[in-house]
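Chemist: Read off the chains here:
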Amino acid sequence: MQLDVRDATLTFGAVTVFSGFSAHFESGRVTALVGPSGSGKSSLLAAMSGHQPLASGTIELRAAPDGPPTAPSPQLVAWVPQGSNALGRRSVLDNVLIAALGAGLRLRAAETAATEALTMVGLADRLGQQARKLSGGELQRVALARALASGKELIFADEPSANLDAANTDRIAGILSRLSGRATIVVATHDPVLVAAAHAAVHMRREARHAA
Amino acid sequence: MQHDGWRLGYLAREATRNVLGRGSRLLPLLALAILAGVGSSSFIAYETVRLRDEIAQLDVQGQYVLVYRSTSTSAPAQISRASCESLAGQDGVRHAGLLTPVSDMDLLPVGVGLPAQRASTTLVPELSRVDVLIGPVLAGSGAASADRSASAFRVKTGTSETATAVVPTARPEALATDFSVTLPLLPADVDGPQCVVVLRALSDPARAGDLHGAALAVEGNPVTATRPFIATNDPVDTYLHRPGRWLPLLLALVGALATGIASRLRASEMAVYRLSGTSRTSVLTLLALETLLIAGTAGLCAVAAALALRDRYLDPLIPVTWGLAMAGVWAVGGLLATTDLALRRPTNLAKDR
Ligand SMILES: Nc1ncnc2c1ncn2[C@@H]1O[C@H](COP(=O)(O)OP(=O)(O)OP(=O)(O)O)[C@@H](O)[C@H]1O
Ligand SMILES: [Mg+2]
Numbered sequence: 009m010q011l012d013v014r015d016a017t018l019t020f021g022a023v024t025v026f027s028g029f030s031a032h033f034e035s036g037r038v039t040a041l042v043g044p045s046g047s048g049k050s051s052l053l054a055a056m057s058g059h060q061p062l063a064s065g066t067i068e069l070r071a072a073p074d075g076p077p078t079a080p081s082p083q084l085v086a087w088v089p090q091g092s093n094a095l096g097r098r099s100v101l102d103n104v105l106i107a108a109l110g111a112g113l114r115l116r117a118a119e120t121a122a123t124e125a126l127t128m129v130g131l132a133d134r135l136g137q138q139a140r141k142l143s144g145g146e147l148q149r150v151a152l153a154r155a156l157a158s159g160k161e162l163i164f165a166d167e168p169s170a171n172l173d174a175a176n177t178d179r180i181a182g183i184l185s186r187l188s189g190r191a192t193i194v195v196a197t198h199d200p201v202l203v204a205a206a207h208a209a210v211h212m213r214r215e216a217r218h219a220a
Numbered sequence: 002m003q004h005d006g007w008r009l010g011y012l013a014r015e016a017t018r019n020v021l022g023r024g025s026r027l028l029p030l031l032a033l034a035i036l037a038g039v040g041s042s043s044f045i046a047y048e049t050v051r052l053r054d055e056i057a058q059l060d061v062q063g064q065y066v067l068v069y070r071s072t073s074t075s076a077p078a079q080i081s082r083a084s085c086e087s088l089a090g091q092d093g094v095r096h097a098g099l100l101t102p103v104s105d106m107d108l109l110p111v112g113v114g115l116p117a118q119r120a121s122t123t124l125v126p127e128l129s130r131v132d133v134l135i136g137p138v139l140a141g142s143g144a145a146s147a148d149r150s151a152s153a154f155r156v157k158t159g160t161s162e163t164a165t166a167v168v169p170t171a172r173p174e175a176l177a178t179d180f181s182v183t184l185p186l187l188p189a190d191v192d193g194p195q196c197v198v199v200l201r202a203l204s205d206p207a208r209a210g211d212l213h214g215a216a217l218a219v220e221g222n223p224v225t226a227t228r229p230f231i232a233t234n235d236p237v238d239t240y241l242h243r244p245g246r247w248l249p250l251l252l253a254l255v256g257a258l259a260t261g262i263a264s265r266l267r268a269s270e271m272a273v274y275r276l277s278g279t280s281r282t283s284v285l286t287l288l289a290l291e292t293l294l295i296a297g298t299a300g301l302c303a304v305a306a307a308l309a310l311r312d313r314y315l316d317p318l319i320p321v322t323w324g325l326a327m328a329g330v331w332a333v334g335g336l337l338a339t340t341d342l343a344l345r346r347p348t349n350l351a352k353d354r
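Chains as they are written, first to last, in this note's numbering: chain A, 9 to 220; chain B, 2 to 354.
FYI, nobody ran anything at the bench for these hints, they're computed from the structure. For each residue, glycine too, the CB sits at the ideal point set by N, CA and C. Fair warning: there could be bad hints in the mix.
[Stated by the list, open to error] Ranges of calculated distance between the beta carbons of each label pair, as one might list FRET restraints: (1) A71/A - A13/B: 25 to 35 Å; (2) G136/A - L251/B: 35 to 45 Å; (3) G245/B - A132/A: 52 to 62 Å.
[To be verified] Just so you have them, the derived chain A footprint on chain B, three or more residues with Cβ under 8 Å: (4) 9–18; (5) 275–287.
[Stated by the list, open to error] Facing chain A, according to a computed beta carbon distance under 8 Å, are these residues of chain B, among others: (6) D5; (7) G6; (8) G22; (9) S25; (10) R26; (11) S269; (12) E270; (13) R346; (14) T348.
Work the whole structure out from these sequences, hints included.
Modeler: Structure representation (structure tokens):
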């Protein structure tokens, strides 16, 4: 699944987050989305997953380079959110299971997919534990496992290494690299380790706020 | 409209786990639902028992007694015994019959010069078992009379005949059985000056009055229905208009509000569902199922409590209906209070964690 952003403008009321922005995200690759805080990385990810409409411009998804374009939709994207959001009172397995069930898998197949995904992020021994008893770094890995288990071809990770130590950041970089080929991955990050692990980088710059 | 792969059965499984799962944040809400359900039916039972007590008290005071007698005190009417006694078989009538005062009599060992009256057995059914009823006021108080009220005993009339007697339970004052000696009518008594009708509790004496009056065969003066006791307030009307009857709906609104608050505390969880590809429709379905599970518990507990207390109600359908209304208002209100969580942008929800 490749992504093309053309001449995109995104505004929140009078505030223009970015305008005339264009970028290409290669299929089956990890692309780092970099830029200063407030430059609109999270907002672009929201727009590319159909959660946030553009003021102008287009975003096109294509299964093949010369295939027909489709519009962004939340159901096509697995999102690894900034922060440690989780179903705190549910088990680690259940937290990942929802992504597989939401993708239409039967319970048995979903359990297999969730267990595999959790094994991949190194949490195979924590399946039955309540999610709120996990550390911030472990919850980031649960979020990543959720994206894996969904089987989606688009994975957007928003600062997946925020608040993580070096060892955990390396681990996440490793997981993302292993995933490439299976999925198109966009990682919004300030972290040089993740940028180095990516195949390409797209830069955003900070707009002049409040157009006169 | 967005679509995802969620099957309804799995959303139901998800809802069940979110509500009932170990350490669930919704367990307090479920406890509230159980309390509200049981509370609603118990409260209605309590109020009904209170109503029953009030009615029983009014009954003894004579609220449901009608006395037919001549419109003029100087010229009594002759009401036919047959027509008066046949009222006993009518709808809404407990007892009916002639009640005729007779001259004072002596009864040993009770006393001498006691006020006496004769009554139809259709009005005072004990008279088909025993020869005479001795009012508890005449029989005196204390253990002896308490014993006597249970079983028949023997007394001597003035002419040294013996008769079986019993002390009757309390009756409306208009029947005078509490402070008189009551004997059956004689075969020769084919009419009398007054016909007494005791209606079933909760019936409307004002309406019944004319209806039964028309069925009486009367000679001499015309008769009219008089009511010896008229309650100043109608307990049924008070019951039907009591503010407490809205309690189940109040509980439902509290429940709906609590559901809304509890869901708001879980806003970031809704974001987790949405960001992992769950559509708005599915999140809405999940919230609806969770709310239904909680509101349904309230309804079910109300029905269960109503079944357990079924003897206390005027009609067990009353608490069941209120219980189901409570569940309905809770479910709809709770869903209205949470809908926006499914519709808001998940990237915003994820922030306020
Ligand atoms: N819902 C919103 N309403 C109004 N303004 C918003 C909203 N979301 C984001 N913004 C604004 O848009 C701008 C870009 O925000 P965004 O979160 O996309 O930046 P970012 O590049 O992800 O920053 P960071 O690196 O700090 O995460 C910010 O100035 C922010 O205040
Ligand atoms: Mg951001």
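Chemist: Please go over all the hints and tell whether each is borne out by the structure.
Modeler: Here's how the hints hold up against the structure:
Checked against the hint of 25 to 35 Å, the pair A71/A and A13/B passes, with Cβ atoms roughly 33 Å apart. Separation of G136/A from L251/B is about 41 Å and conforms to the stated range, judged on CB atoms against 35 to 45 Å. Judged by the Cβ atoms, the range 52 to 62 Å given for G245/B and A132/A holds: they are separated by roughly 58 Å. Coverage of the region 9–18 of chain B by chain A holds in this model, with 4 residues showing a Cβ closer than 8 Å to a Cβ of that chain against a need of three.
Counting residues of the region 275–287 of chain B whose CB falls under 8 Å from any CB of chain A gives 7; the rule of at least 3 is met. Interface hint at D5/B: satisfied, since its Cβ lies 5 Å from the closest Cβ of chain A, which is below the 8 Å cut-off. Checking G6/B against chain A: minimum C-beta separation of about 2 Å stays under 8 Å; hint holds. The interface hint given for G22/B is met, as the beta carbon of that residue sits about 6 Å from the closest beta carbon of chain A, less than 8 Å.
At its closest, the beta carbon of S25/B sits 5 Å from a beta carbon of chain A; the interface hint therefore holds under the 8 Å criterion. A cut of 8 Å between beta carbons decides the hint on R26/B: the least distance to chain A is about 6 Å, and the hint holds. Interface hint at S269/B: satisfied, since its Cβ lies 5 Å from the closest Cβ of chain A, which is below the 8 Å cut-off. Given hint, E270/B at the interface with chain A, holds; its Cβ is 5 Å from that chain's nearest Cβ, closer than 8 Å.
Given the 8 Å rule on beta carbons, the hint for R346/B holds: about 6 Å separates it from the nearest Cβ of chain A. Taking 8 Å as the C-beta cut-off, the interface hint given for T348/B holds, the closest approach to chain A being about 5 Å.
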